[in-house]
Each structure stands twice: as structure tokens, then as C-alpha cells.
Amino acid sequence: ETGVTQSPTHLIKTRGQQVTLRCSSQSGHNTVSWYQQALGQGPQFIFQYYREEENGRGNFPPRFSGLQFPNYSSELNVNALELDDSALYLCASSPFASGVTDTQYFGPGTRLTVL
Amino acid sequence: DQQVKQNSPSLSVQEGRISILNCDYTNSMFDYFLWYKKYPAEGPTFLISISSIKDKNEDGRFTVFLNKSAKHLSLHIVPSQPGDSAVYFCAASVRNYGQNFVFGPGTRLSVLP
Numbered sequence: 006e007t008g009v010t011q012s013p014t015h016l017i018k019t020r021g022q023q024v025t026l027r028c029s030s031q032s033g034h035n036t037v038s039w040y041q042q043a044l045g046q047g048p049q050f051i052f053q054y055y056r057e058e059e060n061g062r063g064n065f066p067p068r069f070s071g072l073q074f075p076n077y078s079s080e081l082n083v084n085a086l087e088l089d090d091s092a093l094y095l096c097a098s099s100p101f102a103s104g105v106t107d108t109q110y111f112g113p114g115t116r117l118t119v120l
Numbered sequence: 086d087q088q089v090k091q092n093s094p095s096l097s098v099q100e101g102r103i104s105i106l107n108c109d110y111t112n113s114m115f116d117y118f119l120w121y122k123k124y125p126a127e128g129p130t131f132l133i134s135i136s137s138i139k140d141k142n143e144d145g146r147f148t149v150f151l152n153k154s155a156k157h158l159s160l161h162i163v164p165s166q167p168g169d170s171a172v173y174f175c176a177a178s179v180r181n182y183g184q185n186f187v188f189g190p191g192t193r194l195s196v197l198p
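One line per chain: the protein sequences are A and B, in this order. Remember, our numbering sits 5 above the position in the first sequence when you count from 1. Remember, our numbering sits 85 above the position in the second sequence when you count from 1.
Worth flagging that the hints you see were computed from the coordinates, not collected in a lab. Where hints are given, some of them may not hold.
Derived list of chain A stretches under chain B, where covered just means 3 residues or more per stretch with a C-beta under 8 Å from a C-beta of chain B [unchecked claim]:
| id | segment |
| --- | --- |
| 1 | 23-33 |
| 2 | 38-50 |
What follows is a set of in silico ranges between Cβ atoms, one per label pair, in the way DEER data are often shown [as the list claims (entries may be wrong)]:
| id | chain 1 | residue 1 | chain 2 | residue 2 | range |
| --- | --- | --- | --- | --- | --- |
| 3 | B | P164 | A | S78 | 39 to 45 Å |
| 4 | A | P67 | B | P164 | 36 to 42 Å |
| 5 | B | V163 | A | R56 | 39 to 45 Å |
| 6 | A | P75 | B | D140 | 40 to 46 Å |
| 7 | B | S195 | A | S32 | 21 to 27 Å |
| 8 | A | I17 | B | Q87 | 42 to 48 Å |
| 9 | A | A43 | B | N112 | 33 to 39 Å |
| 10 | B | N152 | A | G45 | 24 to 30 Å |
One side only, chain A facing chain B, incomplete, derived with CB under 10 Å [claimed, not checked]:
| id | residue |
| --- | --- |
| 11 | G8 |
| 12 | S12 |
| 13 | L16 |
| 14 | Q53 |
| 15 | G63 |
| 16 | F65 |
| 17 | L95 |
| 18 | A97 |
The C-beta atom is built at its ideal place from N, Cα and C for all residues, glycine as well.
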């Protein structure tokens with residue numbers, strides 16, 4: 006069984022650019038969530054996708070957008086990058102059970118640096 | 086405004102002794118709590134969870150205690166081992182509202198041999 010994988014591992018961009026981060030869910034998982042972890046802080050929920058539809062969103066501006074594909078892999082897109090977007094971006098997948106909060110399985114993250 | 090707080094950024098414990106990591110929350114709607122462990126260069130891994138209908142959950146060396154009236158939970162590790170050295174995150178959520186977990190800032194545990 007393959008775990009959650011993310012690419013790339015590290016990324017350096019400049020302010021104003023756009024970035025796409027990728028995540029492959031664990032086999033059998035149809036829900037993926039994205040988190041931003043700034044230095045010295047806990048992960049902060051960006052949004053969740055369930056069966057290719059957004060299923061909840063945290064307090065992040067619209068320039069943070071996502072996609073989930075039929076194979077349940079996912080992308081996080083960030084437009085107009087700002088210096089404060091520098092962080093570790095974590096993807097987590099889980100088997101979604103309606104009405105029940107299940108555990109999530111995290112990938113190793115993508116470290117984004119915005120200069 | 087942090088809804089989940091871990092007021093100790095770091096903790097050092099001798100091998101074999103008990104480690105106690107604390108977590109406080111402000112949102113009384115939270116009804117499901119988890120602890121995650123994170124090693125450097127890895128994603129957080131699930132450790133143990135507790136529902137608000139219980140006040141204790143045990144899994145091997147790990148026990149989580151929940152005090153709903155105080156909005157406080159704690160993770161006990163007994164006995165502590167050097168491999169337990171990691172950052173521990175407390176997370177909370179509201180069931181039936183999806184899996185939007187709110188994480189605390191983490192506590193770095195160092196278990197000294």
C-alpha cells in the first residue's frame with residue numbers, strides 16, 4: 006500500500022509568481038486536505054476535496070485554489086505569491102465516512118520559499 | 086485567536102520517565118481530539134485520539150486524558166523512549182463538519198538517554 010506522496014520536495018519562487026503543488030493520496034482514500042504550516046506553528050487547514058468537489062475551506066484567500074482528479078490525486082495552486090506564503094504545505098488523505106471524523110494520513114510536505 | 090493552544094514549546098524528559106504534554110482549547114463545539122507526532126522531514130503521523138464522550142483513551146504507552154469542563158487534554162507517555170523525541174501536535178475538530186482539524190502550535194519533546 007503506497008502512502009501519501011507530495012511533489013516537489015522543495016520549491017523557491019519569487020513574489021507575484023504562481024505555484025502548483027501536487028499530492029497523491031493513499032490507495033483507497035477519496036478525501037484530501039491541504040494544510041499550510043508556517044515556521045513554529047501547527048498546520049493550518051486550507052481546504053478539503055471529496056470526490057473532486059471542495060468540501061470545506063479554511064480562512065485562506067481565493068488565490069489559494071485546488072483540484073482533485075478522478076484518481077483522487079490533488080493539486081494546490083497559489084497565485085500572486087506573497088512572502089508570507091513561505092511555509093511547509095502538507096497534504097493529507099483519508100477514507101471519508103459521512104458524519105464521522107476519521108484520521109488523516111499526511112505526506113512529507115512541500116517546502117515553499119517565496120523571495 | 087488560537088482555538089487550540091500548547092503553551093509549552095518544548096519539554097525534556099529522562100528516558101524511562103513519564104512525559105506529559107498539555108493542550109487547551111477554547112471552542113466548546115470541539116468533540117474529537119487527536120495527537121499527532123512529527124519527525125523532521127516527515128509529515129505528522131497519527132498517534133491517538135479521544136472523543137468527547139470519553140475522558141480517557143489508552144494505547145500502549147500512550148494515554149490521552151480529556152477534561153471537558155476545563156477544556157484541557159493531556160498526552161501521557163510512559164515510559165518515555167529516545168525514539169519518542171519529536172514534535173507533538175494536538176488537534177481538535179467538530180464531528181459532522183468534515184475533517185477540518187484545528188492544530189495547536191506543537192510541543193517539541195526531547196527524551197534524553
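Which of the numbered hints are not met once you compare them with the structure shown? Numbers 1, 4, 7, 8, 9, 12, 13 and 16 - these are the hints that the structure violates, sorted from lowest upward.
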